[in-house]
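Residue numbers (the working numbering), protein chains in the order written: chain E, 1 to 333; chain S, 1001 to 1333; chain P, 2001 to 2333; chain D, 3001 to 3333.
Check before you lean on any hint, since a few could be wrong.
Claimed, not checked - Stretches of chain E that chain D covers, calculated by requiring three or more beta carbons in the stretch to come under 8 Å of a beta carbon on chain D: (1) 181-192; (2) 206-216; (3) 229-241.
The hints are simulated quantities; they were obtained by calculation from the structure and are not laboratory data.
Every residue, glycine too, gets a C-beta built ideally from N, C-alpha and C.
Next come the chains, spelled out residue by residue.
There are 4 protein chains.
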Amino acid sequence: MLRVGLLGAGRIGNVHAKAISTHPQSRLVAVSDVNAEAAAKLAGLYGAEARSNEAIIDDPSIGAVLIATSTNTHSDLIEAATRAGKAVLCEKPVDLSLARAQACLKAVGATGLPVMIGFNRRFDPNFAALKAAADGGEIGKSELLSITSFDPAPPPISYVKVSGGLFRDMMIHDFDLACWIMGASPDQVTAVGTSIVDPEIGAAGDVDTAVVTLLYGDGRIAVIRNSRRAAYGYDQRIELLGSKGLLSVDNVLENTISKATAAGVVAAKPEFFFLERYTRAYSAEWAAFVDAVTKNSPLPVTLADGVNALAVAEAATRSAKTKSTVDLASVLS
Amino acid sequence: MLRVGLLGAGRIGNVHAKAISTHPQSRLVAVSDVNAEAAAKLAGLYGAEARSNEAIIDDPSIGAVLIATSTNTHSDLIEAATRAGKAVLCEKPVDLSLARAQACLKAVGATGLPVMIGFNRRFDPNFAALKAAADGGEIGKSELLSITSFDPAPPPISYVKVSGGLFRDMMIHDFDLACWIMGASPDQVTAVGTSIVDPEIGAAGDVDTAVVTLLYGDGRIAVIRNSRRAAYGYDQRIELLGSKGLLSVDNVLENTISKATAAGVVAAKPEFFFLERYTRAYSAEWAAFVDAVTKNSPLPVTLADGVNALAVAEAATRSAKTKSTVDLASVLS
Amino acid sequence: MLRVGLLGAGRIGNVHAKAISTHPQSRLVAVSDVNAEAAAKLAGLYGAEARSNEAIIDDPSIGAVLIATSTNTHSDLIEAATRAGKAVLCEKPVDLSLARAQACLKAVGATGLPVMIGFNRRFDPNFAALKAAADGGEIGKSELLSITSFDPAPPPISYVKVSGGLFRDMMIHDFDLACWIMGASPDQVTAVGTSIVDPEIGAAGDVDTAVVTLLYGDGRIAVIRNSRRAAYGYDQRIELLGSKGLLSVDNVLENTISKATAAGVVAAKPEFFFLERYTRAYSAEWAAFVDAVTKNSPLPVTLADGVNALAVAEAATRSAKTKSTVDLASVLS
Amino acid sequence: MLRVGLLGAGRIGNVHAKAISTHPQSRLVAVSDVNAEAAAKLAGLYGAEARSNEAIIDDPSIGAVLIATSTNTHSDLIEAATRAGKAVLCEKPVDLSLARAQACLKAVGATGLPVMIGFNRRFDPNFAALKAAADGGEIGKSELLSITSFDPAPPPISYVKVSGGLFRDMMIHDFDLACWIMGASPDQVTAVGTSIVDPEIGAAGDVDTAVVTLLYGDGRIAVIRNSRRAAYGYDQRIELLGSKGLLSVDNVLENTISKATAAGVVAAKPEFFFLERYTRAYSAEWAAFVDAVTKNSPLPVTLADGVNALAVAEAATRSAKTKSTVDLASVLS
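Using the sequences plus the hints, can you model the full thing?
Take a look at the structure:
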């Protein structure tokens, strides 16, 4: 039985608490949060204790820590937890600073402890099946990957200001998906962004709509479309064109009903947002982490993957500003 | 906390055990089965005890009994459990004999205890949404209901022989759905059946493919199609034509991937069988039962509904044999 | 060049006139109609002459006659045209009286001339592809055929009164489709009909919603659903369940657009009615007729097929009234 | 009756000949081609004469000329035809040289004669309905346009070498669609291209897979994906994300059949290539041209539109080479 401490009792902390508690091989022991009330409430739900971050990290009976705090604390907590000998599952992104993330990677590497980054989409059964089909050669050689990711509505402007920007905060999921599906990091990143959904986002120096094109060393291309607003719900699709065909993952819909009237045929919308769409993915993610930790087998997503996606986000941020293609190597050096 | 005894530890008993155990207001206390090993194994999974039917029914600390034993024991166990003052959720059908089921209904009625029949499909969120849309007048006045229910593969011939026949064993689900969606029992039942999937089924006096048409007093029609074999999986669809349009519930698919190649565009099949398709429905069914029992509110499906569906099945059986329409009243008298 | 006379300049006559005129090997020479103005107008559009039925039939330069007049004239015109040595394409049904149709078949048989009945749906490329796939064994052995045919709106009550009833007027198309796809006539016909769309239809002794089940000698079943009203357009679908899978033909939609908003995802409706849905089928039907006539090869639909479908309609009419299954043999004897 | 001369009797010339001949207000009078046999054959099909380009352009009885010759002759023929007082419909692109196209525009402008460029996709009923829905405000304010255009297979390498490259030859259709749907020219063009389908295409200095992002002055973005090879057919889709929803045009499929078996559910592929997919568009294009010419009303697509799309193609070509965003203004100056 893996005894787990959860750092962060916000929306995503609640999701993870449930996954930890319903997994037959893990148990939620303690919960912390800057908001003591939130920690107490969540801990209560699952028969766990509310504690401080430190008290959790220092508890030798706890084998794993799940970090779901605000981004600016991730690197420090990862380092502290691994220093204390714990396995870690940390929400994305590793950090807003690529340099800090790289330093964290170096520090953790020295400990040899497993640190996984929560790129939940890899665990969506639909995306996973696309990856498996592509790797199995079902469409021949991959050539052009297209990822669509539109949120239902923009976050509060206060969040936007500390988010690190759309590329580091939102598209980082898609950068990781692209690297994972393509099995490689891109050589070059070309980004175009605009603020058209909400002028306040532009005023805050960020974009809300963006298209990023990744060029791989072997000539493959990936294109990612992000928008902070899709009035019809969370739009999460992937297409992969290969030499022998096209693989597509369409949205998961709210239900399978349709209604045909004189006004047309109305079907359900996509699931509203990530909590609904990725319910199964969060469970699968946790199960994969428990599996790797308890069996001492390779993690399905590593801290290095998290640093890599951040590097692509950094390159995209630069490209959008300079209006020219950025070599990933130039960001990493 | 509702303490629950589960009678029957077979495939469907396992499904119910999980639903009982994960519901926050119910707890699986004891499990029985003619196969003692099966009972012990299932009880062990959820920290319950393996006992006899009698020991469960006689235990005053147990408030509800879930009956998932073989059909021929249902009526007796329902009566025994209600005599012992317990709330009951019993798998369909109530009995193979309409007269026996009617007697059971009468006996239970005297006790005033809640007995619900496990017509799980009413709890499928898609079908429930169709019912709500129809009741909400979204397609005007209902006129023609069509239910498709094809199993992936026929059961063993040994099961067919004791099943009571396709109408009582399989189509009874659809009879209940039709009565529920239409909000009424049909006046007349017209059935056509054939044995074309497996000649052994015909040799056993049963059909494996059938079409039944129900005519309601106000002129509405329902048509049900059943087949014991659909090579592509469990085909569960409903269409309701009304004066202003058509409501359709399509299958729940295994995933949202499609693959386009020179050979065509291949998408996923329907979920394989009832365990996969109705996962959410079983949880919702149990939650509805707990809710009704603990709040002393009306049951969403009653024993009378179970008897009613059986009467329609009886009429269909007669119609298929006599090759003429059967009045439901003639079956009930 | 096949010189053609068209009898009947109504809505369907106009469709045929266009098909005749645009076919490279046929030419519209003359048009007749009880409404002289209609005949003149249609003739004018295609550089043909307006004449009487007799003048067309007596013209030795005319090789083929297309009969698109009212049903009660079909048999007489077929006989007159074949007596005059002409090939004939006649709209369905052959006649409202089965005996009269059988007499016509006998009379025509003596002439040896080609008479084709206009069951246009056989020429729909989608239905034809289903037939080809079934015949090619793509789903193994056929078991259960389901045909859905809903008109967008009921015809005027004056038409209903002379139509011969839904089974002879509307479902006759589906009877022919069933016989064609199954490659055989059914042994038994079981019909349930109701008048729920429009009480005036019931008052006129007809039904507007019906389900007919056909049982074949080898145990196969076909079920046909008809409604005189589908608010969303012309609903024309076929499903064929076989031992290895299911073939489905879905509706042809008005366009391929969809619109996703907070209100759901709206797609196009089916094409409005037969003129839109079967545009290509009418051209293909005429081309097949020209091909058979000019090459002296077998007709794709024969007069006997027309008589056969009428016999099934007769059996359905009787079955709906007697509320019992009718043997097709009893209708034919 | 508009008397028409057709210059060019190749594959696309044949399509146009049919459209001209079946339009009730136009007549194909003469056909020319560098291959005299091809011209004679096509002329023969429609009762026209085979002539030289000059003889057609000099014939005062001919009111309109359709130019379907090789690209390098377009500008000269447009100028010659307008000098001779003829209305012109010319296939895209106007020219491979932007400067030459601009000169042609200037020359034609002086004549005041109608010159339309054959951007056939604007006449696809699906795309036209998307444009109408967007202009009608059905999804609020437009924000992100996405165009997918994949050919089924690359052209011969000999054609690639004289094509002007993917951006001028293939994506020019999409540049025009984007300008038309957005109702404006972009300010900035960012292109990423690769040669991964066929290394010979790369060796010829061209790309076969490309993603181009257009940024409009008001912050809107359009992204275009092109590939020279989609093994499953011609992939032609458009999506437009707006403040209130998403409009999508999906592919036109070969038929509406699907087949469900244990291997999955197989549906039809997209129509194979432009001749199949845009059959109706070519007719509508010609009808729009005839309408504008005979009524002296504005052309739906102008020569200036053709020059504009070429300018975007020029910018994309430069961007792909320089790996930086190109201002459209810099190309035009």
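Are three or more residues of the segment 181-192 of chain E within 8 Å, CB to CB, of chain D? holds (count 3)
Taking a Cβ-to-Cβ distance below 8 Å as contact, does the segment 229-241 of chain E have at least three residues touching chain D? Held - the segment 229-241 of chain E has 6 residues with a Cβ nearer than 8 Å to chain D, which meets the minimum of three.
Three or more residues of the segment 206-216 of chain E near chain D by CB distance under 8 Å? Our answer is that it holds, as 5 residues pass the Cβ test (under 8 Å) against chain D, meeting three.
No hint from the list above goes unmet by this structure.
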